Amino acid sequence: MHAPVELADVAADVLARVRDRGPRVHCITNTVAQQYTANMLLAAGAIPSMTIAREEIVTFMAEADALLVNLGTFDAERRGAIEVALGAVDAARMPWVLDPVFIEASPGRAQFARDLLARGPSVVRLNPSEFAPLFGGDPAADAAMRVAKACGTVVALTGGTDLVTDGARRAAVANGHSLMGLVTAMGCASSALVCAALAVESDAWLAASSALAALGVAGEVAAQTARGPGSFAAAVIDAVHSLDRATLRARARVS
Amino acid sequence: MHAPVELADVAADVLARVRDRGPRVHCITNTVAQQYTANMLLAAGAIPSMTIAREEIVTFMAEADALLVNLGTFDAERRGAIEVALGAVDAARMPWVLDPVFIEASPGRAQFARDLLARGPSVVRLNPSEFAPLFGGDPAADAAMRVAKACGTVVALTGGTDLVTDGARRAAVANGHSLMGLVTAMGCASSALVCAALAVESDAWLAASSALAALGVAGEVAAQTARGPGSFAAAVIDAVHSLDRATLRARARVS
Amino acid sequence: MHAPVELADVAADVLARVRDRGPRVHCITNTVAQQYTANMLLAAGAIPSMTIAREEIVTFMAEADALLVNLGTFDAERRGAIEVALGAVDAARMPWVLDPVFIEASPGRAQFARDLLARGPSVVRLNPSEFAPLFGGDPAADAAMRVAKACGTVVALTGGTDLVTDGARRAAVANGHSLMGLVTAMGCASSALVCAALAVESDAWLAASSALAALGVAGEVAAQTARGPGSFAAAVIDAVHSLDRATLRARARVS
Chain A
3 MHAPVELADV
13 AADVLARVRD
23 RGPRVHCITN
33 TVAQQYTANM
43 LLAAGAIPSM
53 TIAREEIVTF
63 MAEADALLVN
73 LGTFDAERRG
83 AIEVALGAVD
93 AARMPWVLDP
103 VFIEASPGRA
113 QFARDLLARG
123 PSVVRLNPSE
133 FAPLFGGDPA
143 ADAAMRVAKA
153 CGTVVALTGG
163 TDLVTDGARR
173 AAVANGHSLM
183 GLVTAMGCAS
193 SALVCAALAV
203 ESDAWLAASS
213 ALAALGVAGE
223 VAAQTARGPG
233 SFAAAVIDAV
243 HSLDRATLRA
253 RARVS
Chain B
3 MHAPVELADV
13 AADVLARVRD
23 RGPRVHCITN
33 TVAQQYTANM
43 LLAAGAIPSM
53 TIAREEIVTF
63 MAEADALLVN
73 LGTFDAERRG
83 AIEVALGAVD
93 AARMPWVLDP
103 VFIEASPGRA
113 QFARDLLARG
123 PSVVRLNPSE
133 FAPLFGGDPA
143 ADAAMRVAKA
153 CGTVVALTGG
163 TDLVTDGARR
173 AAVANGHSLM
183 GLVTAMGCAS
193 SALVCAALAV
203 ESDAWLAASS
213 ALAALGVAGE
223 VAAQTARGPG
233 SFAAAVIDAV
243 HSLDRATLRA
253 RARVS
Chain C
3 MHAPVELADV
13 AADVLARVRD
23 RGPRVHCITN
33 TVAQQYTANM
43 LLAAGAIPSM
53 TIAREEIVTF
63 MAEADALLVN
73 LGTFDAERRG
83 AIEVALGAVD
93 AARMPWVLDP
103 VFIEASPGRA
113 QFARDLLARG
123 PSVVRLNPSE
133 FAPLFGGDPA
143 ADAAMRVAKA
153 CGTVVALTGG
163 TDLVTDGARR
173 AAVANGHSLM
183 GLVTAMGCAS
193 SALVCAALAV
203 ESDAWLAASS
213 ALAALGVAGE
223 VAAQTARGPG
233 SFAAAVIDAV
243 HSLDRATLRA
253 RARVS
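Chains as they are written, first to last, in the working numbering: chain A, 3 to 257; chain B, 3 to 257; chain C, 3 to 257.
None of these hints come from the bench; they were simulated from the model.
Don't take each hint at face value.
To be verified - Chain C is faced by these chain A residues, among others (derived, beta-carbon under 8 Å):
| id | residue |
| --- | --- |
| 1 | A45 |
| 2 | E57 |
| 3 | V238 |
Claimed, not checked - Cβ pair distances, simulated, as ranges:
| id | chain 1 | residue 1 | chain 2 | residue 2 | range |
| --- | --- | --- | --- | --- | --- |
| 4 | C | G139 | A | E85 | 53 to 59 Å |
| 5 | A | R21 | B | A176 | 49 to 55 Å |
| 6 | A | E85 | B | G110 | 32 to 38 Å |
| 7 | C | V60 | B | G89 | 56 to 62 Å |
All values derive from a computational prediction rather than experimental measurement.
Backbone N, C-alpha and C fix where the C-beta goes; we use that ideal spot for every residue, glycine too.
Excised from the complex, chain A in its bound form (with noise of 0.2 Å):
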């Protein structure tokens, strides 16, 4: 397990990596929560594309460096997309991050979710109340490492505290700002972030739990000058765009 100030220098170094060498993030999204994202990847340094026409993904596959599937709208030329979206993945080894949105809505959603869950995602960006329709269970920290050690995949559990497992190292990110949760797509966001820094860096628990400790402490700049949850969502890309080394060292509380 890394120490605070430790992952507080990976997730500076993951981030001026993606300002460095500014992969293409392809998303896979919902409608409402495309323009935040979008803007929260450019303002990291990733270059967002977003088109689900299922004759194009290829291509823009290919000049892709990770992919988020992201279930907020679910219909039928989403999915459709996605199953091309992930033959291109498995061709290429390239990272990939499942947002199970609102599965415990829906039924049909969640099996979905459950099939993908299956293809191996690098990483799962995930709410408490997605955790038992995806993975059974109560979202205990000890239950996610469990099931990220028999899925094979970094579990991103977030909420007042974020909780990061690849089933064997555990990070709990206790950063982060309530106003978060009044901005949609900011849990949308973060998973889109989490592909930035997977596209980076090839450990991917120290990439989610880079992402996650970057966009809490965003957050927490953001709040500083914010009158509410409307200039907080601009804030917060602003935060993203400036933020460096020394506020990580000095914000980030991860154990």
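Guided by the hints, dock chains B and C onto chain A, whose structure is given.
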């Protein structure tokens, strides 16, 4: 008819209940408005859901407290989703709001809106230009009272001064700011706020009047710091989030 | 070729006419860009409409003053909508703008863009990376003049310095700010502004140059107060809304 101070207090009560109970508002709305609508609901204390996948609507509606039907995107998928959602509304006797966006520009959309009107929405929230294609006649106060009575619905006709009537009672809400007309989806978001109010206030006329007064006051507060329509859009979200009884009492202009 | 001061005044005139007449700009654009594009048009004084439902396009186009065709979302529904909309454009001799988003990533999209080019857009607004797949060759000024002349269109090639040419005349607009590249849909919104300008200025070269100069100046004004790309996105909208002749004269750098 309520005096200004009374409606200000009712609005404060309604807002307090929304914040306390966190009602789920299911929104079948257009892609342009989804993000702003979701953020408006979150700022008010409600929980948005937005799926339009036909096979999922029933399970999402099972957890919803109110439904928004917005015609701003008018495609086969949404029309199918609306049909299924209204079945759930009928079964659960759930309040719902019809927002007949841009029906003046499309006869097919206008016909669809008239068919929906026959299904008995709790509230119709519309602009003056949408009045004639939906109800026939000019958007005057007397005509609005007549059609509200005839249709058994609350008509919320928004503009410089908002008119809210159930056929017997009538409120004129003279709040708001001209910048509200320069933010896309502001009307759509106001309909979503009416939905959130309906989820906690069974008197649809009070619910609609409260939501529109609250949003109008929030717009005035936002205009005090905004530098233009871009910063204003975020400032309205901020102002809804922090709106309190004292501000409502001081600013609500309802007759 | 116009001197800087002249184009600043033309741009101020065009902007004044947009504010005065409030042209309706129909946008067939991608879901990521819809909200920002609509807010940009509203800030400039134009009225956006965005339906892509095939059965509605004709009635929406009947009230439109200009059409934007943006290929950022490339699905069957939009392709059908574009076909119908261009029929209305031909019948009404309406100006229209082609924005061939991301065609370098998709041969099918590039072919579709070339087919649209043959339909005679008033202006093609594109990035350097989109030049080769659409026109062939490198995105140099001479090549742009040649293809503009051959295709009978205005080519507006945007980047660090924007190049606008109708084959005979050429403007280099050296305004803008690097943060503009970090806001998703900024290019899409610039194409929409060109559309609004075309609705009130029949010289397509002047219209495109004016719109791009205005947006570039607005970007510079916005950068003075923005704290990063999040607040910048809103500040650009604010700056477009309040842009005046004096600022255009002081800042426009056109040669």
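Verification of the hints:
no.	hint	verdict
1	A45	holds (5 Å)
2	E57	holds (6 Å)
3	V238	holds (7 Å)
4	C/G139 to A/E85: 53 to 59 Å	violated (37 Å)
5	A/R21 to B/A176: 49 to 55 Å	holds (50 Å)
6	A/E85 to B/G110: 32 to 38 Å	holds (34 Å)
7	C/V60 to B/G89: 56 to 62 Å	violated (32 Å)
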